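*Asks:* Respectively, the protein sequence lines represent chains H and E.
Reminder that position 389 of the first sequence reads as 389 in the numbering used here, one-by-one numbering, no gaps.
To convert a position in the second sequence, counted from 1, into the numbering used here, add 1000.
There may be inaccurate statements among the hints.
Below, simulated DSSO-like cross-link-like pairs (lysine-lysine); rule was C-alpha separation at most 30 Å, straight line [said to hold, decoys possible]:
(1) H:Lys356 to E:Lys1018
(2) H:Lys294 to E:Lys1027
(3) E:Lys1018 to H:Lys260
(4) E:Lys1027 to H:Lys260
(5) E:Lys1035 to H:Lys356
Quick caveat, the hints were computed from the structure, so don't treat them as lab data.
All values reported here derive from a predicted model rather than from experimental measurement.
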Amino acid sequence: MKVLMLGWELPPFFAGGVGMVCYHLTGALCQQGVDITYVMPFGPRMIRSDYMKILVADNLFPRLRFQLKEVDSLLSAYQTPEGYDEEFRKHLLELSPTERARSLYGPNVFQEAYLFARKVKLIALQEDFDVIHAHDHWTFPAAIAAKQATGKPLVVHVHITEFDKSGGTSVNQRVYDMEREGMHAADLIIVVSNLIKQRIMNNYGVPESKIRVIYNAAEPVDPTVYHDASKIKETDKIVLFVGRITLQKGPDYFVEAAKKVLELDQNVKFIMAGTGDMLPRMIERVAQLGIADKFIFPGFCSREEVAKLNKIADVFVMPSVSEPFGLVPLEAMAQETPAIISKQSGVSEVIQNVLKVDFWDVNDIANKVLAVLHYQSLHNELKQHGFVEVRSMTWDKPASQCLDVYNELLRMKKGG
Amino acid sequence: MVSICFYFQVHQPFRLRKYTVFDIGNKSDYFDEQKNRQIIEKVAKKCYLPTNKILLNLIKKHKGKFKVSFSISGVALDQFQKYAPEVLHSFKELAKTGCVEFLNETYYHSLSYLFDKDEFKEQVLLHKQKIKDLFGQEASAFRNTELVYNNELANFVQAMGYKTILAEGADHVLGWRSPNFIYTPKTADKMKLMLKNYRLSDDIAFRFSNKSWSEYPLTVDRYAQWVSSTNGNGYVVNLFMDYETFGEHQWEDTGIFQFLEQLPSELLRHPDNNFVTVSEAAEKYQSVGELDIHHFMSWADIERDLSAWLGNSLQNTAATELYRIGKLAKQSGDAKLIEDWRKLTTSDHFYYMCIKWFSDGDVHKYFNPYDTPYEGFITFMNVLNDIVIRIRDAGKKKSGLESAGNLDSYVQSSPSEYAHNFISDHPSLILMDLNVNTIKINNIDPMIKKL
Chain H
1 MKVLMLGWEL
11 PPFFAGGVGM
21 VCYHLTGALC
31 QQGVDITYVM
41 PFGPRMIRSD
51 YMKILVADNL
61 FPRLRFQLKE
71 VDSLLSAYQT
81 PEGYDEEFRK
91 HLLELSPTER
101 ARSLYGPNVF
111 QEAYLFARKV
121 KLIALQEDFD
131 VIHAHDHWTF
141 PAAIAAKQAT
151 GKPLVVHVHI
161 TEFDKSGGTS
171 VNQRVYDMER
181 EGMHAADLII
191 VVSNLIKQRI
201 MNNYGVPESK
211 IRVIYNAAEP
221 VDPTVYHDAS
231 KIKETDKIVL
241 FVGRITLQKG
251 PDYFVEAAKK
261 VLELDQNVKF
271 IMAGTGDMLP
281 RMIERVAQLG
291 IADKFIFPGF
301 CSREEVAKLN
311 KIADVFVMPS
321 VSEPFGLVPL
331 EAMAQETPAI
341 ISKQSGVSEV
351 IQNVLKVDFW
361 DVNDIANKVL
371 AVLHYQSLHN
381 ELKQHGFVEV
391 RSMTWDKPAS
401 QCLDVYNELL
411 RMKKGG
Chain E
1001 MVSICFYFQV
1011 HQPFRLRKYT
1021 VFDIGNKSDY
1031 FDEQKNRQII
1041 EKVAKKCYLP
1051 TNKILLNLIK
1061 KHKGKFKVSF
1071 SISGVALDQF
1081 QKYAPEVLHS
1091 FKELAKTGCV
1101 EFLNETYYHS
1111 LSYLFDKDEF
1121 KEQVLLHKQK
1131 IKDLFGQEAS
1141 AFRNTELVYN
1151 NELANFVQAM
1161 GYKTILAEGA
1171 DHVLGWRSPN
1181 FIYTPKTADK
1191 MKLMLKNYRL
1201 SDDIAFRFSN
1211 KSWSEYPLTV
1221 DRYAQWVSST
1231 NGNGYVVNLF
1241 MDYETFGEHQ
1251 WEDTGIFQFL
1261 EQLPSELLRH
1271 PDNNFVTVSE
1281 AAEKYQSVGE
1291 LDIHHFMSWA
1301 DIERDLSAWL
1311 GNSLQNTAAT
1321 ELYRIGKLAK
1331 QSGDAKLIED
1341 WRKLTTSDHF
1351 YYMCIKWFSD
1361 GDVHKYFNPY
1371 DTPYEGFITF
1381 MNVLNDIVIR
1391 IRDAGKKKSG
1401 LESAGNLDSY
1411 VQSSPSEYAH
1421 NFISDHPSLI
1431 LMDLNVNTIK
1441 INNIDPMIKK
1451 L
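Isolated chain H (complex conformation):
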């Protein structure tokens, strides 16, 4: 089985969970004998992988690369069009007039996506593969181009939709159109949860028969992580939030629940790790509620730092308003920290040994935080069973399900 896989990112050149998922998924697929050519738009000139072929579209076309290289760093999977424009403007100001002119060649993220499509079309005509597998919407124009050029079947992998990012309040029409076009051009669609399945059926008019749900697995974590938090732990217990501090992640519900917890127990510290457009508002709100001394805002944290925080926390909370899957609680559980997760998350469809809440029910979030902090046997059972459960969620399962989808695509093609 030979796959042309299109992704926007791959670690260490990534901004979020999708790059990580691509990394683990491709690794497990290769172990199952799948031959992958992974194409991404930008990256270092020399990039090698011991298990798959990686092509950086930009490096293959020197002339184009020259024109595009200045904007490489601006792109990431979580970039919003507005954010991109803003950064791009700032970036341009720092350039000389000639450089600026060159850079104008790709003045927005949509254009990047269509440029990528042109290059992928050329790559597709040269490469040998059976199916095309494209991750999230920025690669969809490229995927469609590759399909049109070669006639090979296409599966698109939906990790998140525009509705999840914006909380449904400000959907960008152009992003939506790009997503929709890709979904309809695809022969099959992989989604990471039933939550996303429902969403693309309801909001994108995709027929149920085209959709396959494949849950992500957990990331292997370093169990030897150690951090000395004995000074805090002497008096206080730690409640942890990790994620972008944006509407989607429900940071405001975390703060309101913290206030409730503190009404009954003063010996608790709340750590809110991450950054995002709602961070200033959260800091303000915490001050307004008079609980600023109970909060720690460490800002953006590296993976290593997150692992340390997970290790020292007594309970982890993910109050996401909408979470297509949600890998973060799995990382906490892998560090033997009990997790409380929003029912409005894909991951809650697959894990059992956690506490589940409605994100808006701050009373219940506080109730469960206090229960985990005060009922030692509950803490222990969640910790033990959660750890075992996460350890059993390995990537070979989603990989073999992907392989099933590839085979299904080939059968469909033969059949008609």
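Take the given structure of chain H and dock chain E to it, following the hints.
*Replies:* Showing chain E alone in chain H's frame:
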């Protein structure tokens, strides 16, 4: 000759409502009236009423030759009185036929025997009285919650005057022996022990509608053949099952009602077959030998042990703490408080906290009001914390009255202060100083060690 002994278990717990930490010290309405009513009404319609009607018709049709036995928990009877009096009426109609025996059990369908034998005794006596009041029967046969059983229990129940006791016919205690005989429990030589024939019972209770079962669909003549083939290899076939099997676990469209309607005639076609109630069987047949069952066993799950209720630290913590405060709750003299505490002893609350998901999980989820076993634990412990506050208040009130002699000296602390002190795994620790001497923990520690 083969006697067929049907015993049906009827039970519904008082399920708890969602009770958060913020309710502790503020609200003491623990039970979900609406949900409990809904479930009783639903099961009454799907199971209790139609099945009782079928049994009544069968008894009339066979003119005294068809007989059954029931054990109905006190909390189920309470809920029938409250939510579905017509169900209670239909059981009374059955009682009047003289072909239906009602057994005794713990009123609250509890595991009290394992933790507090005085409480166990009180709950059995409460149930005895209730059955006498409602059905006019003085029971001489006993069945413990979920057929939890061992030698010592048989001995204890014998001392209470019972003549017959039921248990699971588990392979690991029977070995080569057959469940189709009457046995004598070791250490209780006046008792008759009757064992469930789990194969034939589960053919109806669990496998009846299972399409992947090789015997599906089960017909009355084939089933009657299996029962009759016991002839020569036993006296009595004990078909013990949850009454909710009919119409609720096995839905009407599986044909379970027709099966029940036709089975007695089919069995009685064989001249050697007859139906008996539990006590009749015990009188009719002699014991074939002594059975030594030292470790507790039950009829639940594949393990047939206590692990469905006391198999993890959540369950053990909840049960230990509950029984630890029992004597103090009773000393309060507050009838409502005592009743609330007793409703918490119902075994279902611990069953909901079971984490053995993957093999037996689907049975555990049945009627389970919680999404996860962890939720069940949190709610239970929050409620228990409130009970502890009520006990403390009652204690303060009492001692306040006794020592100072007037109510003014009794000052109540604020609810949140209480909650703060009490949210813990060991809510009873705070009570220790109140009345150290009365706290006596029964055989709990060795038992948990065993688990």
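*Asks:* Hints first: check each against the structure and report whether it holds.
*Replies:* To see whether the hints hold, each was checked on the structure:
1. Between Lys356 of chain H and Lys1018 of chain E the CA atoms are separated by roughly 14 Å; this keeps the pair inside 30 Å, and the hint holds.
2. Between Lys294 of chain H and Lys1027 of chain E the alpha-carbon distance is near 29 Å, which keeps this suggested pair within the 30 Å criterion.
3. For a cut-off of 30 Å, the pair hint linking Lys1018 of chain E to Lys260 of chain H stands: about 17 Å separates their Cα positions.
4. Between the alpha carbons of Lys1027 of chain E and Lys260 of chain H the distance comes to roughly 18 Å, so the proposed pair stays at or under 30 Å and holds.
5. For the hint linking Lys1035 of chain E to Lys356 of chain H, the alpha-carbon distance of about 21 Å falls within 30 Å, and the restraint holds.
In summary, this structure violates none of the numbered hints.
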